[in-house]
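Could you build all of it, start to finish, from the sequences and the hints given here?
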Amino acid sequence: MKRIAGISERLLECAKSEFLNQGFQAASIREIAKKAGTSARAVYTRFPNKEGLFDAIVSPVSDGLIERYQNYANQFWPKNAGGNGTAAISSDDTAIYMDMIDYIYDHKDEFLLMQTSLEGKWHTALIEALTDNNISYVSKWTRLAEGAGNEKKLMMNVLHMLTNSFYASMFEPLRHDMNRREARFYMEKLCAFFVAGMDRLLKQNTASKTISLKKSR
Numbered sequence: 006m007k008r009i010a011g012i013s014e015r016l017l018e019c020a021k022s023e024f025l026n027q028g029f030q031a032a033s034i035r036e037i038a039k040k041a042g043t044s045a046r047a048v049y050t051r052f053p054n055k056e057g058l059f060d061a062i063v064s065p066v067s068d069g070l071i072e073r074y075q076n077y078a079n080q081f082w083p084k085n086a087g088g089n090g091t092a093a094i095s096s097d098d099t100a101i102y103m104d105m106i107d108y109i110y111d112h113k114d115e116f117l118l119m120q121t122s123l124e125g126k127w128h129t130a131l132i133e134a135l136t137d138n139n140i141s142y143v144s145k146w147t148r149l150a151e152g153a154g155n156e157k158k159l160m161m162n163v164l165h166m167l168t169n170s171f172y173a174s175m176f177e178p179l180r181h182d183m184n185r186r187e188a189r190f191y192m193e194k195l196c197a198f199f200v201a202g203m204d205r206l207l208k209q210n211t212a213s214k215t216i217s218l219k220k221s222r
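Going by our numbering, the first residue of the sequence shown is number 6, and it counts up by one from there.
Derived from the structure by calculation, the hints contain no laboratory data.
Among these hints, one or two may not hold up.
Claimed, not checked - Quick list of in silico lysine-lysine cross-link-like pairs, PhoX-like style, CA-CA up to 20 Å: (1) K113 with K126; (2) K145 with K55; (3) K21 with K55; (4) K126 with K145; (5) K39 with K55; (6) K21 with K39; (7) K21 with K113; (8) K145 with K208; (9) K40 with K55; (10) K84 with K157.
As the list claims (entries may be wrong) - Distance windows between CB atoms, simulated: (11) R185 with E18: 15 to 25 Å; (12) G202 with G57: 37 to 47 Å; (13) G202 with A45: 26 to 36 Å.
Don't be surprised by glycine CBs; every beta carbon is placed ideally from N, CA and C.
Written out as structure tokens, the structure reads:
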């Protein structure tokens with residue numbers, strides 16, 4: 006059956022409004038279709054269910070944020086990383102994270118929906134994807150992954166948890182209803198805090214390895 010042009014776009018826009026105003030659970034497919042000037046049947050010919058409609062709203066935005074970091078990291082890490090990782094992580098330009106916070110505020114509604122709908126499933130998955138992406142570069146382009154099995158595993162787990170907390174913290178301005186200017190100020194301070202802490206952690210790790218090496222001789 007031939008689809009009417011523009012219906013899908015109207016459905017997505019009306020669905021976003023309905024989810025924001027009513028919450029995911031209370032949102033009505035029938036009401037969304039009505040506001041879009043079509044029928045509930047038209048929704049189900051385009052999306053499998055209400056969650057599928059929600060996914061179609063947030064997925065492109067979520068993917069866009071991950072792609073932003075990916076494009077940056079593909080240039081930054083090969084050029085700057087090396088050694089024990091301290092220099093690379095310490096010199097990590099905060100510009101990418103300012104760009105990411107701007108992107109979040111450009112798509113504020115979608116990121117709010119991720120935080121508040123479906124028990125935060127999309128929000129959690131996004132943070133984990135950003136974390137895994139970052140850690141993959143740390144592991145590939147530094148010597149942090151070296152060492153004995155258990156020690157290496159523990160260090161990478163610690164880095165994973167700290168990196169996860171960084172990306173989770175990046176979305177806090179939305180929870181606190183900050184405007185864009187306030188969010189950018191917050192992001193600048195968050196980067197400074199985490200870079201300084203990571204720098205100290207990695208230097209401690211390097212010193213610990215040096216001591217262990219001397220003792221083994």
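Okay, the hints, checked on the actual structure:
1. K113 with K126: Given pair K113, K126 holds - Cα atoms ~17 Å apart, limit 20 Å.
2. K145 with K55: violated, 40 Å
3. K21 with K55: holds, 11 Å
4. K126 with K145: violated, 28 Å
5. K39 with K55: At roughly 15 Å apart (the allowed maximum being 20 Å), K55 and K39 satisfy the hint.
6. K21 with K39: holds, 14 Å
7. K21 with K113: holds, 12 Å
8. K145 with K208: holds, 19 Å
9. K40 with K55: Cα-Cα ~15 Å, so holds.
10. K84 with K157: violated, 24 Å
11. R185 with E18: 15 to 25 Å: Since the Cβ atoms of R185 and E18 sit about 22 Å apart, the hinted range of 15 to 25 Å holds.
12. G202 with G57: 37 to 47 Å: Roughly 41 Å apart at Cβ, these two residues keep to the hinted range, so it holds.
13. G202 with A45: 26 to 36 Å: violated, 51 Å
The structure shown violates the earlier hints numbered 2, 4, 10, 13.
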